[in-house]
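> Chains as they are written, first to last, in the working numbering: chain A, 1 to 292; chain B, 1001 to 1292; chain C, 2001 to 2578; chain D, 3001 to 3578.
Keep in mind that the hints were calculated from the coordinates and are not lab data. Virtual Cβ for every residue (Gly too), placed ideally from N, Cα, C.
Calculated from the model, a selection of chain B residues having no Cβ within reach of chain D, i.e. all distances over 10 Å: (1) N1026; (2) D1220; (3) A1233; (4) E1237; (5) A1258.
For each label pair, taking beta carbons as the anchor points, the in silico distance ranges come out as: (6) A:Q262 to C:A2529: 53 to 61 Å; (7) D:R3473 to C:E2462: 29 to 37 Å; (8) D:T3552 to B:A1286: 38 to 46 Å; (9) D:M3003 to A:D10: 45 to 53 Å; (10) D:G3108 to A:P144: 46 to 54 Å; (11) D:K3440 to A:E254: 54 to 62 Å.
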Amino acid sequence: MATVQDFSNDVRPTWCPGCGDFGIWNALKRAFAASGYGPDEIMMVTGIGCGSKMNDYTRISGLHTLHGRTLAVATGFKLANSAMKVICVHGDGDGYGEGGNHFLHTVRRNIGLVDLVENNHVYGLTRGQYSPTSQPGFKTRTSPAGALDAPLNPVALAIAEGATFVARGFALDLGQLSSLIGQALEHRGYALIDVMQPCVSFNRAMDYDWYRSRVYKVEDEGHDPSDRLAAMARAFEYPGTSGRIPTGILYRREDVPAYEEQVAAIKEQALAAQPFHARPTEDYQALVKEFI
Amino acid sequence: MATVQDFSNDVRPTWCPGCGDFGIWNALKRAFAASGYGPDEIMMVTGIGCGSKMNDYTRISGLHTLHGRTLAVATGFKLANSAMKVICVHGDGDGYGEGGNHFLHTVRRNIGLVDLVENNHVYGLTRGQYSPTSQPGFKTRTSPAGALDAPLNPVALAIAEGATFVARGFALDLGQLSSLIGQALEHRGYALIDVMQPCVSFNRAMDYDWYRSRVYKVEDEGHDPSDRLAAMARAFEYPGTSGRIPTGILYRREDVPAYEEQVAAIKEQALAAQPFHARPTEDYQALVKEFI
Amino acid sequence: MVMIDLTFRIGGEAGQGVESGGAGFAKALTRGGYHVVGTPDYYERIRGGHNFFTIRASDEPVYAIDDEVDVLIAMDSESLVRHADKLSAKGAVVVDEATKIPEGALDGYSGTVARLPLLQIAIDNGAAVMVNTAALAAAAQLVGLDLQHVVGVITENFGRKGGAVAEANRQVAQQAARLAAERYGQVIRPGLADRPSEAQAVLDCNRAFAMGAIMAGCKFAAGYPMTPWTSVLEYLAGHADAYGLVVKHAEDEIGAVNMAVGAAHAGVRAMTGSSGGGFDLMVEGLSLAAAIEVPLVVYLAQRPGPATGLSTRTAQADLLMAIYSSHGEWPRIVLAPHTPEEHFQAALRAFNLAERYQSLVIVLSDEYSSTTVMSRPASLFAFEQVTIDRGKLLTRAEVETLGQPYLRFQMTADGVSPRLPPGNGPQSVYLASSNLHTEKGHITEDPQVAVQAADKRRLKGEGMQREMRAPYRYGPAEAELTLITWGSSYGAAREAMEQINAQGGSANLVQFVDLWPLPVDAVREALSATKRLVCIETNATGQFAHLLRAETGLRAESLLRYDGRPLTAGYILAHLEA
Amino acid sequence: MVMIDLTFRIGGEAGQGVESGGAGFAKALTRGGYHVVGTPDYYERIRGGHNFFTIRASDEPVYAIDDEVDVLIAMDSESLVRHADKLSAKGAVVVDEATKIPEGALDGYSGTVARLPLLQIAIDNGAAVMVNTAALAAAAQLVGLDLQHVVGVITENFGRKGGAVAEANRQVAQQAARLAAERYGQVIRPGLADRPSEAQAVLDCNRAFAMGAIMAGCKFAAGYPMTPWTSVLEYLAGHADAYGLVVKHAEDEIGAVNMAVGAAHAGVRAMTGSSGGGFDLMVEGLSLAAAIEVPLVVYLAQRPGPATGLSTRTAQADLLMAIYSSHGEWPRIVLAPHTPEEHFQAALRAFNLAERYQSLVIVLSDEYSSTTVMSRPASLFAFEQVTIDRGKLLTRAEVETLGQPYLRFQMTADGVSPRLPPGNGPQSVYLASSNLHTEKGHITEDPQVAVQAADKRRLKGEGMQREMRAPYRYGPAEAELTLITWGSSYGAAREAMEQINAQGGSANLVQFVDLWPLPVDAVREALSATKRLVCIETNATGQFAHLLRAETGLRAESLLRYDGRPLTAGYILAHLEA
Ligand SMILES: Cc1ncc(C[n+]2csc(CCOP(=O)(O)OP(=O)(O)O)c2C)c(N)n1
Ligand SMILES: Cc1ncc(C[n+]2csc(CCOP(=O)(O)OP(=O)(O)O)c2C)c(N)n1
Ligand code: SF4
Ligand code: SF4
Ligand SMILES: [Mg+2]
Ligand SMILES: [Mg+2]
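The shape of chain A in the complex, shown without the other chains (with noise of 0.2 Å):
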């Protein structure tokens, strides 16, 4: 079975010390290595930020993608490989902001990804915009004035929209964010997990204090993660005036078949396993007769 030796190579991570994106890089190979499936197994599928470079630091099948179409190329690989577990890992502003559209349809449609974000509210590599997850009055050099907008809620956004798994960790809590991610690739369909992450260059004022002093786990609170309106209303806390950000599995539901299951042409053997012309030759041969 890989360790989380396996799963690291030399390259060293250009992250500002300090970033929030080491806990997640830990905890990934932490999850990868208890998972059971090795290097060639799991397909990470990044955007473009500074959390996105995560395939490049880690021994991993990996795909390093454009700003915001993480899902849709994740999608398309799973689909032609669904033999391979596939992880989405990518920034609030490539998964939330530019890759909006396909968020809102890839949780509609169920597909066997897992999709952490590492949500620092800011988009770092470009240095330091506000993003669809700053909170208001966020100031930043293209908000000034403060940020408008007003937050974008991917959890509650997610409920509504049929995921099936929904979960929140926390960077530095990396015993609950590595069994997220296991518990993320055992499960059927998609799975969110929007990870809180400090940015310590961009986002000073949600440093580690801040965040530790919001974070709380709903399981502790006796949370249903069945119970979709229940759900929902955990989600209305953070963004919010709560000043509670609930952390864990917000929402769960193993009973939903996923998108690939349902696909005729892989139901039996991923396509990538499939030899080349799949079908007796008079199949082909008969193509033409339909337009005689």
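Following the hints, position chains B, C and D with the ligands against chain A.
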């Protein structure tokens, strides 16, 4: 005051006889006439689709844009001419499919637009493919084995993402629909009206009777549109297994400032009305000093 | 010598089944042994408006419809208004008894006006919707086509399930034909008696391409509906389960192209497509394919722009866009096939070329090609023609014998690196990055690697160029006038050329399929013996003439049509004079 | 004659303030009366990695940095490793006492190595972050630059609020300069004593453009961050409230461009911008602007592709994309300014041209221009230069005197229709449609209207072409060698040309700003007396050379750099020989 006649032109709609868009057309003209605004005071922005041709058939200031880009164009227009009322009229494919990212972010922005979506649960103009709101199992030429994705829930999304006016209408209920449009035109910020629209050519199962037997008015059941979780519970009824389609105002609040109220440059006057160089000459001369 | 050359036109409102009726009639004519070409003309609306479908049938191959109509099947009186002035003297008009003939519409018309109770026959024997069947059956009678061909095509449409409906249609057809025979006999002579011919397929270029894609082993397609590409997506979706494809109608074109890139990276043959507006949205995704070097096929069906433009009309105005769009500079192939069989071939070639160069291949088509059906020998679409060349694709077993650490983006003499898809053991654990990356795949900003990556792209482009084929030549080897075409402008130009030569002129035709990278030497040679060059395109700026000049220095006159309507030989001949 | 020509380089990790320090030092040098050009070199990361900033200062105008370094300010030992081999003999190295000098790094170096307790001084007098101030102050002392210039720039950065911090910085500077003077005196002679000069602005091209946009009356901008365009968006956002602009950081580039189109339709001057990848996503929106004929300005800042490529590096590889991307065929203008003042001018022109032709104007820049600061006379950026030409924009009062029903899309001799924005009374009630439309604005599929619309676009394109300016010529009217440049390749080529001529060679330089529609006659004339043409570009395929050949038939050699790094005179001279 402008009358229905003032909003009528001599272009004959190309819609199929019996199309639900005729009802929406009439409701719009009626609401406009009742609103007190004239054709040069209302900008109707549409996308591409059958119902997006609405502004070709109506005497009104009109912008017929690209498939899916309705809300983005409308946002730019509104910010540049905040003195005009802006109403978006487009299909479910346009608004929720191709235009999903604009939808998601326009909702959060609470910008002063009415967003009327002709939700016929199908792509009409391109001749009948399934849409984001199509029922699971809906068979079309792009889903011959039946649509697999869970249908998008636009009203739940809007409520989840901070919309301040979320309503549903029915193309055949002219009285309710024109009243909703009228209220939406007076709303402070973004107002969604998801309209159940029969398509007689490509979605025959969801015909008038199908809708009529399901729609009900939330106000008839004592719904409190200021209760966000209650609104969400109503939203979860459709799409879903309840067999009911809630109509009327699901959620509403008037205490959130509209986006355009908060932008310094247009607090007092619309950009379009401002003189060319609105600031004193010295201010412009001073710009270069920052670099010396 | 051509004995038979008849043009039929079926006109009516959208929703009256003009297009399906036309396509069915074309098939019926082919079963009688005739060559056909059939083109619809329709508006961006679902019901109402005036649509028509024109079919030319001949005992010799035909390439395009013409301007004159011999038999008009008028499903409404508007059809009489619109098309009466196109009627030839030798023909006939089929129209319902109850249809009002607009004042003066047929004044001076010397052909037969066959007025029949078509609707009544339909209602009496089946249902009102079968009025089409009645009209086509009557027309078959007037031209001496065996009614069984019409009945056969119509009943087959109902497949297994349609026993009763099929039977009713048969009744309607027989009744209508009988009455037409009684009242008018056979109007056209020589008529369309059955003649021997090899089995002909009647199909449009979109479906020919899509069929080719399946035969070529395409296993994944993602797309979003957009006229005129939609029928490719729909064909693939319709055959997905039977042929083991995954076909995804995506949330938008950006989703579609990026899904296709993801699937391609997994090692399966993948494609997407759209029309110009949707293609616009895809170009960033295409640059990702270029950066991570995945094979990708994109079907681009042109229509007039800008923006929404004319969604149901035709144009060839996206050629330079296909070549130059998307940021950064990277090699690609652009093919513009001109017939169903060339679209089929283009599919077979595209998937091979894409894998050989781990690059993008664009197949450029247009609305005219997407809706025009042509009869072509079925043997042209034989599965036996398919050869699969997966280029430098490695299996897990092969990579393990390499004896050295596998480098996914290894620099090689031809710029193409051996490719082991993910999921194939420890060697397949690498990163494919959209940033500049090392041979191993890691992100780098090293200037030398940047140069190497650009050189790699250049080498691929050079390889592609060497593979590109010379244009086709039709007609005499030497001629006073050379017509240059690409894609669908071929058909009408070919007719025009034949007419010029038949009238004692001297013309030939050079048809380009392989447009980019333009095989400059082969092109120069192909055009070396030419005198007057006239480049015929359905755009307003002469894009191919521009390309030709830019790449080879050769100058051609431009003969352009840009009103959204297809070229005809008549149009070309009328505009050649000037 | 040039007396002073000194190159400084500040090296350190990302996050150590190399870029801001460099920009400040450049400003300080300008206040001393020197001409400067300063270029950063940085990685796609926020902290760590090796960044450096190079400044060339001279008493004559300078156009680009050079390869040799006179004064190296090494903020870490890595800087010594990286840049020691670039050091000239006449110079100095400023480095902290505590920094380890890597083995052999400075072996054989004959300049002064000024080792000073910079960090200690910073800590003692203020805080560790002020170590930059100490280093720059020491450098100022070594080269004889008045310390007040350095102190002035640094303290101004803290503005009103920064009393205490500013004071601490002043202390740090003085202490460091004092110690440097004590230990090393003034190393460079003649030094940078104050010299008279008119007021100089020190700015990069992005900000010059953005400042121009505000002066040109741009009132609306929407965009999405993407290096290297981001600083335009940030400048505009930073000035929005004070100058009455609405600036929207949108959800994505598609949102941004469509917002800009909507705003433009309302009658306000509107713009957007991006780098290549974001531009890709915008091209469908641009076609909407073309269809509904709204004026739009797009700033396109190039960087190496494909895909994400090298986000913090430079390239000129998106020229043909800028010209040909987007479906349908429609006219546009592409300008590629080469200096801050030309970027400023391009902004003024772009907004006028966009309104005059109710069309798109693309201003094409690149990463090098976006980050390279240059000193330019402040008078070049005077508001007095601004003239506003709104083309055929009508007011409500004007439209009412027309005496005929207003047609928004009226066919006119120049293809441009009088424009009355919505919200201006009954005549402003019209539809602007992305479908083909009549002069009044209604959707139509009429073939004649299709032709008219295409002709309208052609007429606009012809008008644009007539307005395009001939290229600039620098150097002698006739020469053996003509260097051709566009956009930012100018600076290094200009240096190269001066060096060739100074060494007895014969070269001149032809710089293109107005690239599309290429003013063919003016270009032919400008290049008529040339002998050897060498086109210098930072791309791998010679895109401008291609364009020149395609449009004019003229053939130029290509001298290309495509490793993401900026051209230098040294690079050009080394590659010219071959
Ligand atoms: C199409 C496109 N638009 C913009 C960019 C520039 N860009 C790169 S990363 C980024 C935002 C990063 O924010 P996020 O996704 O939150 O990641 P973080 O850096 O915060 O981890 C942007 C806007 C791009 N690469 N491509
Ligand atoms: C970028 C782009 N993609 C696709 C299309 C083709 N298209 C036109 S309308 C339409 C869908 C229409 O569906 P909807 O928005 O629900 O409107 P309806 O016709 O049902 O009223 C599509 C896919 C287009 N015009 N542009
Ligand atoms: S900028 Fe922020 S997100 Fe990016 S590496 Fe630094 S701390 Fe992390
Ligand atoms: S296709 Fe459907 S939506 Fe379109 S006009 Fe016809 S009935 Fe209406
Ligand atoms: Mg972020
Ligand atoms: Mg619809």
